[in-house]
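For reference, the chains in residue letters:
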Amino acid sequence: MTAIQLYGVSKTYRAYEGAWHTLWEMVSKTRMHREWIALHPLDLDISQGQVVGIVGTNGAGKSTLLKLVAGMLMPSSGTLAVHGRVAALLELGTGFHQEMSGRDNIYLGASVMGIPKAQVDSLYGEIVAFSGLEDFIEQPVRTYSSGMAIRLAFAVATAVDPDILILDETLSVGDGFFAKKSFDRIIRYKEAGKTILFCSHSMYQIEAICNRVIWLNHGQVVMDGDPARVVSSYEDFLKKLERPEDIVGSGTVSPSGQEPRLKRVEVSVDGRIGKELTARSGLSDLTVTVEFLFNPHLAVPSVALTITDFNGWAVASASSHNDHLVLEPAEEGRCEVQVQFPRLPLLKGHYWLNVFLLCDQALHLYDSAERVAAVLVEQEGIEKGLVSLAREWRVCGESYYPQARELPAHPLVTGRQLG
Amino acid sequence: MIGTNCSQCPSLSRTGRRLFELSVAGFLGPWRVLYREHELISLLVRRDLLTRTSGTLLGWGWTFAQPALQVLAFWFLFEFVLRVKVPGKVAFLDYFLTAIIPWLFVNETLLKSLSVMDDYSAVYRRTVFPLKVLPLLPGLVTGALYLPIYVLLVAVLEGFPAIGKAALIFLVLWAGVMPAAYLLAIAGSFVKDLRQVFPFLLNLIFFLTPIIYLPEMLPAEVRQLLVFNPFADLIVAIHGLLYNTPVTLGNVLRPVLWWMLLLAPSWVLFHRAEPHLRELL
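Order-wise, the sequence lines are chains A and B. Residues 114 to 532 (the numbering used here) make up the first sequence, in order. Residues 1320 to 1600 (the numbering used here) make up the second sequence, in order.
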């Protein structure tokens, strides 16, 4: 069943030299504006239950598309049909009245969405509890931090069980605890077969949550389909836009100021710890030790790391969540995990190591330490490429293994394997 | 010549029909919005009234006490300080008070209409907010402030049965200012200078309206000019309703004509302005 249909929908914004010109155009119907196209005529069919990610650079038309579907903008041409109740959180703006209290804004937000007061009365307690703003709910929203306001907005928008949920860059706001709660709720919506339109610059989140991705550029659809394929193409496109100065590494842990957070990241090659290391291809063992702090009331976060070449292209990655490993804390609120890449199969070159701390579902990024260490890989021989693949040669029925490996008896990671 | 006129008839008739339809839409539109969005409107009106008095000891009481104090101040001024006496069967104080409160209602409604879109811009630019609700708010909030004191005043002056008349006066005034409120809401959003000029214009209209004087006190040639001021007719009609003073057909028709002339443009322009308001940077 179709949830959202667009036939030839376009959006053109009008630029006026002054407000007088706008007024005069309205009164006289004399053209007084210049136009710029935010969205070219677009045909789109989104089925119920699809989780659609919208990606694109700034000005690509993502927010315009979401606002059109939400009903906040009127299309300049075409027809748009939306089936079901829509809840939208757009532009990190909450749509709250700043002078009103949190309580009144709950009723205001729900009323704007067409929810009867009686229903809001029954949902009120749950909305406040979900937002975690019990102590501030009678205060004017102008006294709230942006995180508090978005928590309340998210709680209102999602409490009324919308058929279509539209989220624009709102998921990373708020503390780790709330981010996890909101992700859990989104996943529940996904599992309940709700339609979600989700716009983010985090390709990781897009790929993790969505089952369809639309890449927009200059108001046109460049690609539409399988998340892995679209995200990969989009990331290639972004790489081409990157300037060399954008990829100079800091080699430090980025302090996020929020729990959970990385406390220590240590990279070693054959026991030598450092930020600039040299390894021998196929011989050296690369070990990464990650220590992080977290709220003991939350599920233990997961750890991921990527190895990128000096242009920023991902060469390999590993994550505790993907490896079905639940990390166990060393003590309350602190965990240390070590992962080893034995006999590093990378071929010669310079590589960066990046570490990420994510929620237990590996959806929300809590903290990161990008380009935390540079590894120079040296090799013998003239093998080309980025990695040396394990292989078997057969000659006259005889097998030959040029890179016979002896893997460690047990993996050098601490944790509990999921069943 | 006749043939030429006849050939224009269909288009004239179409224009007339269209104008009539739009005027009906302009009349019914605000009432429909009021009915459809009554919960949202009720919330916003209550909130506005609460905000005015938040942090005060008297709280809600001020919404009644404030206009009551205004009436008391006028009563003291005219009864004990100026001791104004005018010919006729209605005492000047009664004449003045029953006119000034409706005027204050109209004055405040129109002034607030100029800025109401800006006041809520943070809300409607980020949500699917029904914009046509907003121009209704100033009239409802101001009405909630002035209607109780007006009803009380009329009850004191004319007896309890007259309170129905007081409510009717406010209802007619509210419906009467709605087209102007919609127009001013748009104009105030796009022409900010209007907010500076408009209080002066309203002052001018106030002095040209027989509220602090009786029409009979004006020289005959100046009095004739009052036919161009629909508010002057409204005041005459209000006094006619309350005190059975003479009211001409012109006193009723002229404000109605002004109102009807504004119905279609106000609704059409607001409708046209909606996308601009949402996209206004």
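The hints are simulated quantities; they were obtained by calculation from the structure and are not laboratory data. Since this is a predicted model, take the numbers as computed values, not measurements. It is possible that some hints are incorrect.
Cβ-Cβ distance ranges computed for the label pairs, FRET-style [unchecked claim]: (1) A/A231 to B/G1559: 57 to 67 angstroms; (2) A/D158 to B/L1487: 46 to 56 angstroms; (3) B/W1379 to A/F350: 52 to 62 angstroms; (4) B/G1380 to A/H146: 48 to 58 angstroms; (5) B/V1566 to A/D274: 19 to 29 angstroms; (6) B/W1379 to A/T256: 21 to 31 angstroms; (7) A/R147 to B/V1566: 49 to 59 angstroms; (8) B/P1594 to A/T256: 49 to 59 angstroms; (9) A/Q252 to B/F1399: 53 to 63 angstroms; (10) A/S235 to B/A1486: 32 to 42 angstroms.
Under the rule of at most 25 angstroms between Cα atoms (straight-line distance), these lysine to any residue pairs were calculated in the SDA-like manner [to be verified]: (11) B/K1511 to A/Y120; (12) A/K303 to A/F291; (13) B/K1451 to A/F291; (14) B/K1511 to A/F291.
Each residue gets a CB set at the ideal place from its N, CA and C atoms; glycine is no exception.
Verification of the hints:
no., hint, verdict
1, A/A231 to B/G1559: 57 to 67 angstroms, "violated, 45 angstroms"
2, A/D158 to B/L1487: 46 to 56 angstroms, "holds, 55 angstroms"
3, B/W1379 to A/F350: 52 to 62 angstroms, "holds, 60 angstroms"
4, B/G1380 to A/H146: 48 to 58 angstroms, "holds, 50 angstroms"
5, B/V1566 to A/D274: 19 to 29 angstroms, "violated, 57 angstroms"
6, B/W1379 to A/T256: 21 to 31 angstroms, "holds, 23 angstroms"
7, A/R147 to B/V1566: 49 to 59 angstroms, "holds, 54 angstroms"
8, B/P1594 to A/T256: 49 to 59 angstroms, "violated, 33 angstroms"
9, A/Q252 to B/F1399: 53 to 63 angstroms, "violated, 46 angstroms"
10, A/S235 to B/A1486: 32 to 42 angstroms, "holds, 35 angstroms"
11, B/K1511 to A/Y120, "violated, 39 angstroms"
12, A/K303 to A/F291, "holds, 18 angstroms"
13, B/K1451 to A/F291, "violated, 35 angstroms"
14, B/K1511 to A/F291, "violated, 41 angstroms"
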